[in-house]
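Going down the list, the protein sequences come from chains V and F.
Using my numbering, read the first sequence as starting at 1 and increasing by one per residue.
Using my numbering, read the second sequence as starting at 486 and increasing by one per residue.
Everything labelled a hint here was simulated from the structure, so no lab data went into it.
Note that the structure is predicted; figures quoted are calculated from it, not measured.
Mixed in with the good hints there might be a few duds.
Lysine-lysine pairs mimicking DSSO-like chemistry, simulated, CA-CA at most 30 Å apart [what the hints assert, rightly or not]:
no.	chain 1	residue 1	chain 2	residue 2
1	F	Lys491	F	Lys511
2	V	Lys438	F	Lys491
3	V	Lys465	F	Lys507
4	V	Lys425	F	Lys511
5	V	Lys438	F	Lys507
6	V	Lys63	V	Lys137
7	F	Lys511	V	Lys471
8	V	Lys465	V	Lys453
9	F	Lys511	V	Lys453
10	V	Lys63	V	Lys88
11	F	Lys507	V	Lys425
12	F	Lys491	V	Lys137
13	F	Lys507	V	Lys72
14	F	Lys511	V	Lys465
15	F	Lys488	V	Lys425
16	V	Lys88	F	Lys507
17	V	Lys137	V	Lys88
18	V	Lys471	V	Lys430
19	F	Lys507	V	Lys430
20	V	Lys471	F	Lys507
21	V	Lys186	V	Lys251
22	F	Lys491	V	Lys430
23	V	Lys438	V	Lys425
24	V	Lys485	V	Lys471
25	F	Lys488	F	Lys511
26	V	Lys49	F	Lys491
27	V	Lys49	V	Lys72
Listed here are the chains, written in short residue letters.
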Amino acid sequence: MATQMGSEEEFKSTIAEYLESLPAQFCRRVFSNPAACLAIFRLLSTVGKHLVMSMLYLDSAIKLQDVYQWAKPDHQPLVRSKVHQLRKLQILTEERGNVSLSPVFREQLRNALTGGGDFSSFGIPFTGAVSGRVSKKWLASYANDRWEAILHFMVGHSADAEPPSESVRGILRMSRLMEDSAEGMKITNSGFQFLLQDPSSQVWTVLLQYLRLAEMQEMDVVEVLNFMFQLVSLQLGRPYSTEALTRNQQKMLAELCSFGLLYQDSVGAPQFYPTHLITSLSSGSASHSAPLSTSGSAATGRSAIPAASKGELAKPSDQGFIILETNCRVYAYTQSALQIAILNLFVHLVNRFPNFITGALTRDSVRRALSRGITADQIITFLTTHAHPQMQGRTPVLPITVTDQIRLWEQERNRLRPTAAYFYKDFGQKAEYERMFKYAQDIGVILWASNEKRQLVVTRQGHAKIAELVKSQRAAAAAAAAAAK
Amino acid sequence: MIKAVKGTLIECDPAAREVLLKLNTKDQFIIEDLDNTHLFINSTHLERVQRALDELMNSNTYEVGAPP
Chain V
1 MATQMGSEEE FKSTIAEYLE SLPAQFCRRV FSNPAACLAI FRLLSTVGKH LVMSMLYLDS
61 AIKLQDVYQW AKPDHQPLVR SKVHQLRKLQ ILTEERGNVS LSPVFREQLR NALTGGGDFS
121 SFGIPFTGAV SGRVSKKWLA SYANDRWEAI LHFMVGHSAD AEPPSESVRG ILRMSRLMED
181 SAEGMKITNS GFQFLLQDPS SQVWTVLLQY LRLAEMQEMD VVEVLNFMFQ LVSLQLGRPY
241 STEALTRNQQ KMLAELCSFG LLYQDSVGAP QFYPTHLITS LSSGSASHSA PLSTSGSAAT
301 GRSAIPAASK GELAKPSDQG FIILETNCRV YAYTQSALQI AILNLFVHLV NRFPNFITGA
361 LTRDSVRRAL SRGITADQII TFLTTHAHPQ MQGRTPVLPI TVTDQIRLWE QERNRLRPTA
421 AYFYKDFGQK AEYERMFKYA QDIGVILWAS NEKRQLVVTR QGHAKIAELV KSQRAAAAAA
481 AAAAK
Chain F
486 MIKAVKGTLI ECDPAAREVL LKLNTKDQFI IEDLDNTHLF INSTHLERVQ RALDELMNSN
546 TYEVGAPP
């Protein structure tokens, strides 16, 4: 469970990490945009949201100690860590023990919630005449087709489809999901891991990569970020005007279209439509995590899925289709060549029928996946999220015997845990050993130590520092000896 | 006088350690047998040892019934 939530946390932390890495004046510029503030607010954890909400209408700073008092004593560490996170994101500012929301963020989040300020940051709806053919349903199938075509290309089953555009391939190459080889592009280990992620994590990965690309091309990152946050707060199925977009944003628009995140009737058309891939990023993360939150109570976990965000958009292939038996056999109700290709990464497939395939998890098939860099947790998360509705009702979703077995297979591969190190032995005196032991302990480089044998193993980095210490001690001793003469 | 030796620390379960000790009789790669779960070995042999252990473990695995 913890690990399953882990993947969810991870992708959020990556966009958070990116924001943290921005210098202060950049952050202020990002915050000056109500849509960005709202999108960031939506990405915060529940406790983080609580903290921001409680402080939103406070005009003066309050004592940090008072903030901690909001939680019961046994939950204070959690609040502390959240406060720390918010400060790293530069949402909270601290001055002499008093904290307050960053003034820009406070003002713009108020604007976002209550209306007012510059609302064009939420996208300008297109008011001209539009063709009637773009409906929510059509957009969903368009986006899924585009996105799956890219995933297809990655697994190398693109014989019947044309390869994706150069910019898509460029991003796949840059993010090291694929690499060039003699016979065209080839998927890498991180590409295999990418395939097993849920769609929203995948989209985040692509967007983050796009930010890095923008940096490399010396585009204004704030412009790109603001546009990105604007896109995630758009409403599905409505046309938006491209008029107010800058040139960089126009360029980005075209490239995101090729990923199926947006749709334009034609290149340079005056309107564009967001698809569910991008609009569900900030709001829909809850619906993606819902199928995962199975350990507590499966029933509440299932009812927590908002009907609207799941029902009308999810293609049959997005719903659970895998049945896993306690004897490791796998039955998957799917016709999608992509899903079959992904399953083939770690399942020994046996039969294929018109609407379903059978196979089994075997030691060899799982080891093959492990050797490609896929982790046991990724396999388990994938099987859990795609479990058939019949299995979703159970706690845990997957048979424990099978999940344990997968983890055991992984452990078996990593029986030796090697660490590059230095080994110290033959200490002359006890005091000498203890002095070095103490020093190594202080700088935290000890891997193994034995007081009886007076032996010590430290990391490579630790060795350099210890060597310096010994050298300076020798020099000091030599100087002392010279002075004594 | 203190001696510092460069190498690789291996953390493993006692069973794997026994296997490594057995492999060590053929060609000496263990620099120091630290304790039940730790060995200090020559870094250049690491990959070969890992492969050898993996092969040995593989030959000791039996599938219960052929895959369907």
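How the hints compare with the structure:
no. : hint                 : in the structure
1   : F:Lys491 to F:Lys511 : holds, 22 Å
2   : V:Lys438 to F:Lys491 : holds, 21 Å
3   : V:Lys465 to F:Lys507 : violated, 36 Å
4   : V:Lys425 to F:Lys511 : holds, 25 Å
5   : V:Lys438 to F:Lys507 : violated, 35 Å
6   : V:Lys63 to V:Lys137  : violated, 50 Å
7   : F:Lys511 to V:Lys471 : violated, 39 Å
8   : V:Lys465 to V:Lys453 : holds, 23 Å
9   : F:Lys511 to V:Lys453 : holds, 27 Å
10  : V:Lys63 to V:Lys88   : holds, 18 Å
11  : F:Lys507 to V:Lys425 : holds, 24 Å
12  : F:Lys491 to V:Lys137 : violated, 63 Å
13  : F:Lys507 to V:Lys72  : violated, 57 Å
14  : F:Lys511 to V:Lys465 : violated, 36 Å
15  : F:Lys488 to V:Lys425 : holds, 5 Å
16  : V:Lys88 to F:Lys507  : violated, 52 Å
17  : V:Lys137 to V:Lys88  : violated, 40 Å
18  : V:Lys471 to V:Lys430 : holds, 19 Å
19  : F:Lys507 to V:Lys430 : violated, 34 Å
20  : V:Lys471 to F:Lys507 : violated, 39 Å
21  : V:Lys186 to V:Lys251 : holds, 27 Å
22  : F:Lys491 to V:Lys430 : holds, 23 Å
23  : V:Lys438 to V:Lys425 : holds, 16 Å
24  : V:Lys485 to V:Lys471 : holds, 21 Å
25  : F:Lys488 to F:Lys511 : holds, 26 Å
26  : V:Lys49 to F:Lys491  : violated, 50 Å
27  : V:Lys49 to V:Lys72   : holds, 17 Å
Of the numbered hints given earlier, the model fails hints 3, 5, 6, 7, 12, 13, 14, 16, 17, 19, 20, 26; all others are met.
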